[in-house]
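Colleague: The listed protein sequences correspond, in order, to chains L and B.
Position 449 of the first sequence, counting from 1, maps to 449 under my numbering, and the rest follow consecutively.
Count along the second sequence starting at 1, add 1000, and that's the number in my numbering.
Hints may be right or wrong, so weigh each one.
No more than 20 Å apart at the CA atoms, straight line, and that leaves these computed lysine to aspartate or glutamate pairs for EDC-like [said to hold, decoys possible]:
1) Lys1522(B) with Asp1465(B)
2) Lys5(L) with Glu1060(B)
3) Lys1034(B) with Glu103(L)
4) Lys1034(B) with Glu82(L)
5) Lys123(L) with Glu1060(B)
6) Lys1033(B) with Glu82(L)
None of these hints come from the bench; they were simulated from the model.
In this text the structure is predicted, and so the values were computed from the model without any measurement.
Number of protein chains: 2
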Amino acid sequence: MKWSKSFLFTLKENPADAEIPSHILMVRGGYIKKVAPGIFTYGTLALRSIRKFEQIVREELSQRGCLEILMPMVQPRELWEETNRWSEMGPGLQKMKNRNGHEFCLGATHEEVTTDFVRQQVKSYRDLPVNLFQIQTKFRDEIRPRFGLMRGREFIMKDAYSFDRNLDDAQKSYRLMHEAYTAIFKRLGVKFRVVQADTGNIGGNQSEEFHVLAESGEDQLLVSDKGTFAANVEICPAQDAEPKPKSSEEVKAMEEFATPGLKTIEDLSRSLKVPANELVKTMFFSASEDAKTVKPVAVLLRGSDEVNPVKLKNLLKLANPPLLLTDEEVKGVTGASPGSCGPVGLKIPIYMDSGVENLSNYVVGANKDGFHLRNVNHPRDFKVTAVHDLRLAKAGDRAPDGGKLQAFRGIEVGHIFYLGTKYSKAMNANFLNAEGKLEPIEMGCYGIGISRTVQAAIEQCHDKDGIVWPISIAPFAVHICLLDPQDEKVASVANSIYEELHKRGIDCFMDDRDERPGVKFKDADLLGMPIRLNVGGRGVTAGEVEVVNRRTKEMGKTAIGDVVATVQSLVEQLKA
Amino acid sequence: MKWSKSFLFTLKENPADAEIPSHILMVRGGYIKKVAPGIFTYGTLALRSIRKFEQIVREELSQRGCLEILMPMVQPRELWEETNRWSEMGPGLQKMKNRNGHEFCLGATHEEVTTDFVRQQVKSYRDLPVNLFQIQTKFRDEIRPRFGLMRGREFIMKDAYSFDRNLDDAQKSYRLMHEAYTAIFKRLGVKFRVVQADTGNIGGNQSEEFHVLAESGEDQLLVSDKGTFAANVEICPAQDAEPKPKSSEEVKAMEEFATPGLKTIEDLSRSLKVPANELVKTMFFSASEDAKTVKPVAVLLRGSDEVNPVKLKNLLKLANPPLLLTDEEVKGVTGASPGSCGPVGLKIPIYMDSGVENLSNYVVGANKDGFHLRNVNHPRDFKVTAVHDLRLAKAGDRAPDGGKLQAFRGIEVGHIFYLGTKYSKAMNANFLNAEGKLEPIEMGCYGIGISRTVQAAIEQCHDKDGIVWPISIAPFAVHICLLDPQDEKVASVANSIYEELHKRGIDCFMDDRDERPGVKFKDADLLGMPIRLNVGGRGVTAGEVEVVNRRTKEMGKTAIGDVVATVQSLVEQLKA
Chain L
1 MKWSKSFLFT
11 LKENPADAEI
21 PSHILMVRGG
31 YIKKVAPGIF
41 TYGTLALRSI
51 RKFEQIVREE
61 LSQRGCLEIL
71 MPMVQPRELW
81 EETNRWSEMG
91 PGLQKMKNRN
101 GHEFCLGATH
111 EEVTTDFVRQ
121 QVKSYRDLPV
131 NLFQIQTKFR
141 DEIRPRFGLM
151 RGREFIMKDA
161 YSFDRNLDDA
171 QKSYRLMHEA
181 YTAIFKRLGV
191 KFRVVQADTG
201 NIGGNQSEEF
211 HVLAESGEDQ
221 LLVSDKGTFA
231 ANVEICPAQD
241 AEPKPKSSEE
251 VKAMEEFATP
261 GLKTIEDLSR
271 SLKVPANELV
281 KTMFFSASED
291 AKTVKPVAVL
301 LRGSDEVNPV
311 KLKNLLKLAN
321 PPLLLTDEEV
331 KGVTGASPGS
341 CGPVGLKIPI
351 YMDSGVENLS
361 NYVVGANKDG
371 FHLRNVNHPR
381 DFKVTAVHDL
391 RLAKAGDRAP
401 DGGKLQAFRG
411 IEVGHIFYLG
421 TKYSKAMNAN
431 FLNAEGKLEP
441 IEMGCYGIGI
451 SRTVQAAIEQ
461 CHDKDGIVWP
471 ISIAPFAVHI
481 CLLDPQDEKV
491 ASVANSIYEE
501 LHKRGIDCFM
511 DDRDERPGVK
521 FKDADLLGMP
531 IRLNVGGRGV
541 TAGEVEVVNR
551 RTKEMGKTAI
561 GDVVATVQSL
571 VEQLKA
Chain B
1001 MKWSKSFLFT
1011 LKENPADAEI
1021 PSHILMVRGG
1031 YIKKVAPGIF
1041 TYGTLALRSI
1051 RKFEQIVREE
1061 LSQRGCLEIL
1071 MPMVQPRELW
1081 EETNRWSEMG
1091 PGLQKMKNRN
1101 GHEFCLGATH
1111 EEVTTDFVRQ
1121 QVKSYRDLPV
1131 NLFQIQTKFR
1141 DEIRPRFGLM
1151 RGREFIMKDA
1161 YSFDRNLDDA
1171 QKSYRLMHEA
1181 YTAIFKRLGV
1191 KFRVVQADTG
1201 NIGGNQSEEF
1211 HVLAESGEDQ
1221 LLVSDKGTFA
1231 ANVEICPAQD
1241 AEPKPKSSEE
1251 VKAMEEFATP
1261 GLKTIEDLSR
1271 SLKVPANELV
1281 KTMFFSASED
1291 AKTVKPVAVL
1301 LRGSDEVNPV
1311 KLKNLLKLAN
1321 PPLLLTDEEV
1331 KGVTGASPGS
1341 CGPVGLKIPI
1351 YMDSGVENLS
1361 NYVVGANKDG
1371 FHLRNVNHPR
1381 DFKVTAVHDL
1391 RLAKAGDRAP
1401 DGGKLQAFRG
1411 IEVGHIFYLG
1421 TKYSKAMNAN
1431 FLNAEGKLEP
1441 IEMGCYGIGI
1451 SRTVQAAIEQ
1461 CHDKDGIVWP
1471 ISIAPFAVHI
1481 CLLDPQDEKV
1491 ASVANSIYEE
1501 LHKRGIDCFM
1511 DDRDERPGVK
1521 FKDADLLGMP
1531 IRLNVGGRGV
1541 TAGEVEVVNR
1551 RTKEMGKTAI
1561 GDVVATVQSL
1571 VEQLKA
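Build out the structure end to end from the sequences listed, making use of the hints.
Modeller: Below you can see the structure in the form of structure tokens.
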């Protein structure tokens, strides 16, 4: 493709609403254009990257026996009612009524439709196993779309669903997909990690996430330095590296004291000269599925710890993480503002993080603005509903395998779930087993965010000048800067290299615009093709072309006759 | 692909809701599965056909300089308000509100989004021309989805939009797309016709449709036997083969007479012994854009003619064809039921088809149930608002090029429009011309129904036993019936042919099920791959394989060693 025949406009300025490098670079490089918040048009170059990644995914799945189909984006309410997810999915599921008053939603995921497709056709165990996948546009009404394609509303996803006769076979399917995903992200050529993950409201009880590592990643990953354990912080068990033994200190009399203006743990810690991990903080959540009703519960944590909403969700058996109470609601429950609240005297369930269990004579809010209580002890001063691991684990904590946790940030790009029979039971997706008895089908589901992965690759692979595409999904392997387009000889050298590379299956972009070399080099760095060729008047006179490696910025001069071979070997090298 | 590893279930019975062969065959062949009315899941085989057709379209457009992009399916109301199509598109445009109360629609077409994409980036004439296309899932809330993919709600479409500096260039773009479409449907390998067409509510003033010919086609096409004129009946000018001269008959006195029980033109014609083309019928429509208000108009036609709603729409300058009044509404306007109505005494606009103009002393309804008037004459007895060509043309009529019209039925699969500046003016999509003056961009738009075309090809290419795929989009070129899968020698011959064909780039489906030969032959005919190979015990013992041409049903025996070469030459032959 030649720039003069493309419809590509790069921007010098950073877009106002882009917060992370990959989003900034995709907009500046003309890769995407916003249509509405979280909704984009993909330009020709972005689409090439997306299609290349789709093809990698398709090949790895097909060669493992998965079958590609295409399900609809518009789905009838009735199917979602069967699993109760019409309401359970919440407002992220975009609903609509058609002209006849029938209700539909936009597919955010396709468990219901696939299960329906399968139950209509599968009769006996002979029809199983099957693993169906599709690459399709999905929609979720994100409450706050941001970061470009990273958290968009409309996005391209590969979703796959496995259907098996029994648990053993389902586990085999799960492992096969683990293997396929590992192969996919290896071919993509990015650094990634696989971690244990929460199952969210998809259901099932086993799930792993595939993360592209990147500093700006939304997820925190905790990985044991022994290398056998890795988890998303959401579900990572929290164990102190040096657990505090049960205090042997004498239990003292509880007393109230004034703490005017001390509202945060940091304030208290500084003023009382007590380390934050010996203070106890009280947080309030609503244990209700329904945003309209409030069912307050209190959570006690050490001042140095943070609550893990997913652990709380799982403890309370909710479909979604519970919401924090507002200051108003807290006041209604305790009589005081959040900074002065504590467990003593509360009439609501009180959940205690394990880290608090062995503390004694600690300080909590007095449920009276500007006052705290000291020498508080449980169960003497208040009743604990349950003690549970409720805090976020962090780097330095002890890993379940005995190692020490290290922290990484990642962007979730793939997720595999073992679902069991949650959907097949709800939807009567059964088969006749070898003994002629009806059994529910064992299921798994497996997603890869296609458009998200493409941006995640940029988030990991860029420098101050622009994108540094992994060659696997670069829109083009080679970017030719034709520096003197008016000079017929130079243009002819550039064109013949361009043609020759295409003949050998190496795709090539050529900047044939009437622009200064400096502008072309800047744009080439911004667009980020792995190999750049500078073809200019001086070089051609000397019989040479410059070959630049985008990542290392190494530049070498190569004789015109050798350029194609040089590029070919560089491509092989970058693919390895 | 082997049947045992596919997820394919054929049906013996015709589905209850399928009315035309292609729909029946796609359902029976397991190609598609209904999710909701007009909404389908495409199975693996259907998806292969769709992808093959997409690739043909993509190649033909790309080689003509069109650029592929991908626009969103969910589009903000604001863009559609700019062109007034948020309301003009009517209830076929599926609308929805998101969690924040913002309004969106599902893209039924993408003029607004593309024009927005272009206006944000184009500055000067140097940035033009550009032709952008996408292959994407679209949604229209069809009032009565039917015929499978032929008139579905969710469907796959290729839409392209051209942007040019001036009318000349826009016409060049239009002709280039005409050429591309012709090449596409030639490569598809079906019989098709290009006809002049109405521009609907897309706008613009030049448009042609590409139709796959098929008996069950929804559209009637009229083609001159001179070969220079072809049009959709919707816009085909109607001229009598032998126009009736102005009547020289003496004008008689109008009189009312009783016609008890005579309600139709046929009744009247029989009873009065007057041919239908000398009777005048009166029809009533509402000239209102808005279904809630009624603006009655009357239309007069010869009894032998049918009204053309598109001509009436264009005469009345409406966005959509006007609706017929209900019997109730007619009664409100005339005081009589539709069978007894006429123009005399009406206080509403009266439009007369040209075929009525030269009649005199004719019969019309008396606006009194059970009575008609004879010897009616215009303008003596009523005032005509306008005389216009308002009837449907038909086979045998005179063509504009002087030939005689012949009728065909077709399925519209492609449509090209010259749009002019309708959208660019409404949306301020301008460019600076060479003189530095702002001008609106000249536009065209071009669609191909991808999923529709695949079914239309079946509608044209099938026989009583099943589908007869054109090889261009057959899911597989070859279908191997492995007749004795348990016989190792037979299976090994079949497998090596299968492997060898794949190596040569010929895709192959193998029925390796444990079924009787009769079942396999029936399914092979139903599924419709162009070439079938029967590999069975008797043949293998004799060193032979049967090669069957699906279309002609010709069968030949070929030595095992020659099968691959025979298939290869048959494939070449079928592609030619």
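Colleague: Which hints from the list above does the structure break, by number from lowest to highest?
Modeller: Violated hint (a single one): 5; every other hint is consistent with the structure.
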